[in-house]
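Residue numbers (the working numbering), protein chains in the order written: chain A, 64 to 332; chain B, 64 to 332; chain C, 64 to 332.
FYI, nobody ran anything at the bench for these hints, they're computed from the structure. Being a predicted model, the structure only gives us computed values, none of them experimental. Some hints here could point you the wrong way.
Unchecked claim - Capping the alpha-carbon separation at 25 Å, the derived lysine-lysine pairs in DSS-like fashion look like this:
| hint | chain 1 | residue 1 | chain 2 | residue 2 |
| --- | --- | --- | --- | --- |
| 1 | C | Lys81 | B | Lys314 |
| 2 | B | Lys81 | C | Lys81 |
| 3 | C | Lys319 | B | Lys314 |
| 4 | B | Lys81 | A | Lys319 |
| 5 | C | Lys265 | B | Lys171 |
| 6 | A | Lys183 | C | Lys81 |
| 7 | C | Lys183 | C | Lys234 |
| 8 | B | Lys171 | A | Lys129 |
| 9 | A | Lys289 | A | Lys257 |
| 10 | A | Lys234 | A | Lys183 |
| 11 | C | Lys81 | B | Lys317 |
| 12 | A | Lys175 | A | Lys146 |
| 13 | B | Lys314 | B | Lys171 |
| 14 | A | Lys282 | B | Lys183 |
| 15 | C | Lys314 | A | Lys81 |
| 16 | A | Lys129 | B | Lys184 |
| 17 | C | Lys183 | A | Lys146 |
| 18 | B | Lys314 | A | Lys282 |
| 19 | C | Lys265 | C | Lys282 |
| 20 | B | Lys129 | B | Lys153 |
| 21 | C | Lys257 | A | Lys183 |
| 22 | C | Lys183 | B | Lys257 |
Stated by the list, open to error - Pair ranges (Cβ atoms, derived):
| hint | chain 1 | residue 1 | chain 2 | residue 2 | range |
| --- | --- | --- | --- | --- | --- |
| 23 | B | Lys183 | C | Ile174 | 52 to 60 Å |
| 24 | B | Asn311 | A | Glu309 | 53 to 61 Å |
| 25 | C | Thr215 | B | Asp69 | 22 to 30 Å |
| 26 | C | His182 | A | Gly321 | 54 to 62 Å |
| 27 | C | Lys317 | A | Ser143 | 50 to 58 Å |
Where a beta carbon is used, it is the ideal one built from N, C-alpha and C, also for glycine.
The residues making up each chain are set out below.
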Amino acid sequence: MKAMRDPIVTLLTDFGTKDHYVASMKGVILRINPQCTLIDITHEVSPQNIQEGAFLLAGACPYFPKGTIHLSVVDPGVGSQRKPILLVTKNYFFIGPDNGLFTLAARKDGIKRIIVLTHKKYFLPEVSATFHGRDIFAPVAGYLSLGTNPQTFGERTDHWMELGLGQPELKGDQLIGEVIHIDAFGNLVSNIDKKGFSRFIKDRPFLTRAGKRTIKGLKRGYWEGKRNEPTALFGSSGFLEIAVREGNAQKILKVKRGDQIIVSVIGDQ
Amino acid sequence: MKAMRDPIVTLLTDFGTKDHYVASMKGVILRINPQCTLIDITHEVSPQNIQEGAFLLAGACPYFPKGTIHLSVVDPGVGSQRKPILLVTKNYFFIGPDNGLFTLAARKDGIKRIIVLTHKKYFLPEVSATFHGRDIFAPVAGYLSLGTNPQTFGERTDHWMELGLGQPELKGDQLIGEVIHIDAFGNLVSNIDKKGFSRFIKDRPFLTRAGKRTIKGLKRGYWEGKRNEPTALFGSSGFLEIAVREGNAQKILKVKRGDQIIVSVIGDQ
Amino acid sequence: MKAMRDPIVTLLTDFGTKDHYVASMKGVILRINPQCTLIDITHEVSPQNIQEGAFLLAGACPYFPKGTIHLSVVDPGVGSQRKPILLVTKNYFFIGPDNGLFTLAARKDGIKRIIVLTHKKYFLPEVSATFHGRDIFAPVAGYLSLGTNPQTFGERTDHWMELGLGQPELKGDQLIGEVIHIDAFGNLVSNIDKKGFSRFIKDRPFLTRAGKRTIKGLKRGYWEGKRNEPTALFGSSGFLEIAVREGNAQKILKVKRGDQIIVSVIGDQ
Chain A
64 MKAMRDPIVT
74 LLTDFGTKDH
84 YVASMKGVIL
94 RINPQCTLID
104 ITHEVSPQNI
114 QEGAFLLAGA
124 CPYFPKGTIH
134 LSVVDPGVGS
144 QRKPILLVTK
154 NYFFIGPDNG
164 LFTLAARKDG
174 IKRIIVLTHK
184 KYFLPEVSAT
194 FHGRDIFAPV
204 AGYLSLGTNP
214 QTFGERTDHW
224 MELGLGQPEL
234 KGDQLIGEVI
244 HIDAFGNLVS
254 NIDKKGFSRF
264 IKDRPFLTRA
274 GKRTIKGLKR
284 GYWEGKRNEP
294 TALFGSSGFL
304 EIAVREGNAQ
314 KILKVKRGDQ
324 IIVSVIGDQ
Chain B
64 MKAMRDPIVT
74 LLTDFGTKDH
84 YVASMKGVIL
94 RINPQCTLID
104 ITHEVSPQNI
114 QEGAFLLAGA
124 CPYFPKGTIH
134 LSVVDPGVGS
144 QRKPILLVTK
154 NYFFIGPDNG
164 LFTLAARKDG
174 IKRIIVLTHK
184 KYFLPEVSAT
194 FHGRDIFAPV
204 AGYLSLGTNP
214 QTFGERTDHW
224 MELGLGQPEL
234 KGDQLIGEVI
244 HIDAFGNLVS
254 NIDKKGFSRF
264 IKDRPFLTRA
274 GKRTIKGLKR
284 GYWEGKRNEP
294 TALFGSSGFL
304 EIAVREGNAQ
314 KILKVKRGDQ
324 IIVSVIGDQ
Chain C
64 MKAMRDPIVT
74 LLTDFGTKDH
84 YVASMKGVIL
94 RINPQCTLID
104 ITHEVSPQNI
114 QEGAFLLAGA
124 CPYFPKGTIH
134 LSVVDPGVGS
144 QRKPILLVTK
154 NYFFIGPDNG
164 LFTLAARKDG
174 IKRIIVLTHK
184 KYFLPEVSAT
194 FHGRDIFAPV
204 AGYLSLGTNP
214 QTFGERTDHW
224 MELGLGQPEL
234 KGDQLIGEVI
244 HIDAFGNLVS
254 NIDKKGFSRF
264 IKDRPFLTRA
274 GKRTIKGLKR
284 GYWEGKRNEP
294 TALFGSSGFL
304 EIAVREGNAQ
314 KILKVKRGDQ
324 IIVSVIGDQ
């Protein structure tokens with residue numbers, strides 16, 4: 064696969080937008096290919112939180128055109144032995160540190176080739192030990208967007224790092240998931256997806272427990288809930304979500320990332 | 064009117080920039096039209112605050128080129144009965160929920176046509192109940208930017224929802240307005256515009272009251288005020304503003320959105 | 064020098080991203096030149112902090128392609144006597160208030176011409192006293208990006224305002240610098256650059272003092288430090304930085320902008 068005629072490079076980092084770091088990366092890309100369209104996914108991944116980065120990347124990634132280059136940097140091990148990689152999947156390219164950040168997005172799209180970035184002629188002339196986003200990943204994204212063959216950038220390998228991202232657990236009449244993301248509205252996104260949920264529930268009545276609150280049934284959308292009352296629904300990412308209509312579920316339920324979300328079938332005695 | 068040759072789509076939401084929501088919308092648009100230029104107005108509208116969204120959209124909108132498509136989503140009623148609409152005005156297109164968000168911007172520019180978005184072939188194949196920004200509004204903006212005729216997207220109507228945005232009130236020797244926006248510098252923007260103000264004041268001396276402070280006269284710019292002293296002036300949006308030179312008027316005056324700003328003519332006994 | 068064929072305009076301000084101010088500037092530029100690529104450096108410079116703006120601009124600027132137009136507005140004196148300027152340097156154009164904001168970036172690149180913006184036909188028809196970013200600097204950037212000759216915009220001058228940005232001080236066995244920037248990770252960036260540091264240290268052993276902590280030697284990257292222990296290293300901007308691996312140095316050391324960072328040679332008795 065070649066990069067598209069109107070190449071798009073997305074950027075996802077934990078750098079924030081207060082500093083000059085993200086702009087430096089964009090400058091490097093545009094110096095190599097001024098025709099690139101640069102789209103921010105987010106730069107507010109919680110510092111060094113690879114899991115959160117993986118979730119957000121997987122959430123946005125499938126909506127982009129075939130051939131899009133996804134450049135992602137959440138990189139607590141920058142400068143250490145972790146490898147810089149380029150993943151070629153069915154529809155996309157992923158460039159960044161090999162630390163599990165691409166687990167969800169690349170697995171979902173289907174991996175075709177894995178390349179360790181070793182050819183220094185595609186890096187900036189001076190590579191710092193602290194900012195591979197600018198010195199390695201950005202220039203590789205720039206050259207890739209010009210149509211450079213992925214294999215040019217390094218050696219092929221069969222290995223990449225995948226995170227063991229928590230799957231919900233089945234325990235008798237309970238499906239035990241956890242909060243994997245809390246969005247800006249305070250909605251609690253769990254790791255329970257629609258398919259797994261349906262297979263478990265099969266039309267039986269159930270309750271969902273989040274924090275100290277128990278919620279009956281499912282709503283179709285936020286508007287069906289009552290004000291200040293928690294509601295369970297399947298959100299736009301396809302996961303079971305706890306929300307409060309025109310309110311903030313995180314604040315009302317005092318739940319944090321990693322806390323359990325438990326779906327229990329109600330006995331029909 | 065057709066979309067311009069180099070189509071621009073602006074985005075305004077209350078989604079924040081921490082999540083993948085905005086990027087998903089951009090991906091959807093670029094998949095339909097990779098030539099689009101995407102410009103963020105803001106994604107930090109206070110959650111579900113339609114009035115604030117309406118003010119910010121009207122503030123930025125007139126500076127964009129003719130033919131710009133403004134895609135705006137502040138949508139507490141997503142998935143309910145509120146209609147998805149496309150407004151065609153003299154210079155622009157507005158796409159989003161029909162909940163009053165376009166009141167100021169579209170009214171100012173002059174409405175020419177109102178279309179309810181009903182033709183599902185221009186939506187994403189699967190429309191969620193919680194994220195019409197991605198599933199309905201973004202793809203319609205994408206197709207519109209390709210030059211698709213506005214009428215193609217649905218049925219024409221004569222009705223749209225307009226907010227009764229508070230106008231200042233005239234009470235004897237007082238013009239009573241309110242704070243409709245507080246910007247990032249802490250400047251207090253009122254709903255008293257230059258024209259209404261001049262018609263009321265006509266060269267008479269006056270005082271402006273904000274919080275517990277009384278301010279004499281008008282300054283032409285921030286630099287004319289004294290440090291730590293509140294100043295009244297007409298800001299860049301054309302409204303009466305209370306500011307503090309190199310300081311934060313909101314913090315110093317302890318005023319919040321909706322609080323009164325009162326202009327009183329001083330008796331010349 | 065002419066603007067490049069695919070003109071890039073960067074924007075750096077202290078306007079934040081909550082308001083419509085930045086978008087208004089972008090609209091003005093795109094109305095003049097819809098082909099422009101607009102790249103945000105940052106809009107989160109601390110309000111009216113010219114020094115911080117100067118540091119961030121200089122950090123990102125050299126990574127952009129030759130011909131890039133850098134539009135920067137941190138402007139506490141807007142509307143007063145401070146001049147609006149256009150600086151032409153070896154590789155770039157800088158547009159904004161003449162208040163020292165360009166000190167680091169323009170000096171580093173090498174100044175070729177300084178023009179005071181006086182020709183009102185390149186401004187918006189109505190220039191407010193409070194928002195020259197939109198009314199003067201944005202339209203000039205737009206016309207410049209079309210290839211307009213820099214001299215067209217006003218009168219040439221030999222003077223521009225440069226900040227006396229604090230250089231580290233040499234006192235016997237000590238090099239006394241200060242914190243000039245704290246990034247989003249809490250890393251403390253000093254004004255001690257690699258060259259000055261090496262000339263002073265010459266292979267002698269040394270300690271670095273920040274807040275109440277003393278740090279031995281230098282690390283090459285964040286990953287070499289211990290968790291929760293402060294580390295000294297040269298960061299990606301080429302300055303001595305105090306960092307904490309997977310932690311926040313600012314919070315742990317309770318250091319703020321302007322605080323001293325002292326490098327002391329250790330006697331080899």
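* To do: Could you grab the alpha-carbon distance between Lys81/C and Lys314/B and see if it respects the 25 Å cut-off?
  => holds (17 Å)
* **Hinted pair Lys183/C and Lys146/A, Cα distance within 25 Å** => violated (55 Å)
* Are the Cα atoms of Lys81/B and Lys81/C separated by 25 Å or less? -> holds (14 Å)
* Asked: Are the Cα atoms of Lys175/A and Lys146/A separated by 25 Å or less?
  -> holds (18 Å)
* Distance restraint hint 52 to 60 Å, applied to the beta-carbon atoms of Lys183/B and Ile174/C -> The hint (52 to 60 Å, Cβ to Cβ) holds, given that Lys183/B and Ile174/C are roughly 59 Å apart.
* Take the C-alpha atoms of Lys81/C and Lys317/B, compute the straight-line distance between them, and say whether it is at most 25 Å. => Holds: Lys81/C and Lys317/B sit about 20 Å apart, inside 25 Å.
* Asked: Holds or violated: are the alpha carbons of Lys257/C and Lys183/A at most 25 Å from each other?
  -> holds (24 Å)
* Asked: Is 54 to 62 Å a correct range for the gap between the Cβ atoms of His182/C and Gly321/A?
  -> Since His182/C and Gly321/A have Cβ atoms about 60 Å apart, the given range 54 to 62 Å holds.
* Does Lys184/B lie within 25 Å of Lys129/A when you go C-alpha to C-alpha? -> holds (21 Å)
* Asked: Given the proposed pairing of Lys314/C with Lys81/A, does the C-alpha separation stay at or below 25 Å?
  -> Judged against 25 Å, a Cα distance of about 17 Å means the pair holds.
* Asked: Are the Cα positions of Lys282/A and Lys183/B separated by 25 Å at most?
  -> holds (23 Å)
* **Lys171/B paired with Lys129/A [C-alpha distance capped at 25 Å]** => Cα-Cα ~40 Å, so violated.
Of the numbered hints listed earlier, those contradicted by the structure are 5, 6, 7, 8, 10, 13, 17, 18, 24 and 27.
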